[in-house]
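*Asks:* From just these sequences and the hints, can you work out the full model?
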Amino acid sequence: MKQYMIFAPVFLFLSACGSPQTSQTHSTNYKPKHTVLIVDYGFDFNHPIYKNKIKKYVRLNCKDDQRKDKFKGLKTYEEFKKQSFEDLQRKEVDCVVEASPSAMISDKFSKILPQLKSWNQAMKAADFDAFNDRQFNYIENVVTGEEGKFEYHGTAVASILAYENDIDLVLVDTQFDSPETEEVLKCPKQMHVDWETRLWKDADFQALSVEKVKRSVMNSTIVGLANAYKPSFLNMSFGSDPYKVREEKLAKKGCAAVMMKENYAADRALTAMTEGELDKMITADPIYIQSAGNEGVATHSLEDYEACAAPGKNEINVGSHDLNGNLSEFSNFGDCVAMHTLGENILAYTPFGFLYAFEGTSFSTPMAIRFLTKKFAAGTPSADIMKAIPTLVDKNKNLKENLWPKNLIFPVRY
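According to the numbering used here, the residues represented by the sequence shown are 1 to 414, in order.
These aren't lab readings, by the way, just hints derived from the structure by calculation. Glycine included, each C-beta is placed from N, C-alpha and C at the ideal position. A hint or two may mislead.
Just the calculated beta-carbon pair ranges, DEER-fashion [to be verified]:
{"no.": "1", "residue 1": "Phe-176", "residue 2": "Ser-382", "range": "26 to 34 Å"}
{"no.": "2", "residue 1": "His-300", "residue 2": "Cys-187", "range": "53 to 61 Å"}
{"no.": "3", "residue 1": "Cys-255", "residue 2": "Pro-32", "range": "52 to 60 Å"}
Cross-link-like lysine-lysine pairs, in silico, DSS-like; alpha carbons within 25 Å at most [said to hold, decoys possible]:
{"no.": "4", "residue 1": "Lys-81", "residue 2": "Lys-214"}
{"no.": "5", "residue 1": "Lys-31", "residue 2": "Lys-55"}
{"no.": "6", "residue 1": "Lys-397", "residue 2": "Lys-374"}
{"no.": "7", "residue 1": "Lys-214", "residue 2": "Lys-70"}
{"no.": "8", "residue 1": "Lys-201", "residue 2": "Lys-280"}
{"no.": "9", "residue 1": "Lys-56", "residue 2": "Lys-72"}
{"no.": "10", "residue 1": "Lys-53", "residue 2": "Lys-33"}
{"no.": "11", "residue 1": "Lys-230", "residue 2": "Lys-53"}
{"no.": "12", "residue 1": "Lys-31", "residue 2": "Lys-375"}
{"no.": "13", "residue 1": "Lys-387", "residue 2": "Lys-230"}
*Replies:* Shown next, in the form of structure tokens:
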């Protein structure tokens, strides 16, 4: 099961988030802690592994305000441009901050507690044959939901970071009311793809895009939290398809061939511009740890993958290797990827504190942050950490040390 979030990049209204906790008891033995800000979904914020480490939890209910068919009825580029400018200027709220968020555990998940307890006992006893494949697959189907999407992704990510690790967490739980990517994958016309490319290069459109990103509730929330809690790292376990993967998906669907490379390059350049403006709003100096993606393709530049680090940005893209140190079949690789960590056979936690086996670059990412929080003292300048990264990996870019407990590594089953 490859867990990987497919969202557009996000970033952040301090007044919506409240003020940071400032009452810290100091003593001669006090040791500063790293703070990690996680933007994800599906946090069980009462989780026994990390509930006492949460400095702030914010839940955002968001909606996709994109038109479902933005080319419908349009015959010219000028009509498309006019509509696109009108859409950018709309004052719709993209997200709402829940005043009193509650831990949301689905009834479906609660129904499998007996099976999870049995599975958990087997895991703790290292009796990996006690649970047969039929039972394992049943739990996997429930945990991942009807669409194969892990409903408690953030819980697993936070548990990997917090397990036997003295850190503080700031959690942003993003719940999107939008259809899955695959469901809205339609056959585009090359003419429409070219319209988008032309629009994204328009200087006036770029300026309006920056302003819309700045007034986004989600982005202002994340910026506010970053400025209030000064995280050492931001965990970003999501991204979108490289253009080659997009072209392949369209071809498999039977769509007429379209060339997406120039379109993606323009889109990525616009994304880098808007993110750069948001970075200027963050007074802290965090390192962004980004999952490399699970498409199994080479990513060498922004046009290949939107999360490829922009020049000079404190960002590390993390891929996955298996138990033998080989690149995982699903992991993206290439110049965009600075590091590989274990991303398979990881036993991490679901709600209620039960163990489950995970794989995917979504989980390589917190493994990398976990290592860095243990390797470097809190307060270490991000520039020093970034400078040290090449010395921490081998010639294959694999992290030289694995600090994940051996008793939480699930052996190869097949």
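*Asks:* For each hint, tell me whether it holds in the structure or not.
*Replies:* Verification of the hints:
1. Phe-176 to Ser-382: 26 to 34 Å: holds (30 Å)
2. His-300 to Cys-187: 53 to 61 Å: violated (28 Å)
3. Cys-255 to Pro-32: 52 to 60 Å: holds (54 Å)
4. Lys-81 to Lys-214: holds (21 Å)
5. Lys-31 to Lys-55: holds (16 Å)
6. Lys-397 to Lys-374: Cα-Cα ~19 Å, so holds.
7. Lys-214 to Lys-70: holds (23 Å)
8. Lys-201 to Lys-280: holds (22 Å)
9. Lys-56 to Lys-72: violated (43 Å)
10. Lys-53 to Lys-33: OK: Lys-53 and Lys-33 at ~10 Å, within 25 Å.
11. Lys-230 to Lys-53: holds (15 Å)
12. Lys-31 to Lys-375: holds (14 Å)
13. Lys-387 to Lys-230: Holds, because 20 Å separates the two Cα atoms, which is no more than 25 Å.
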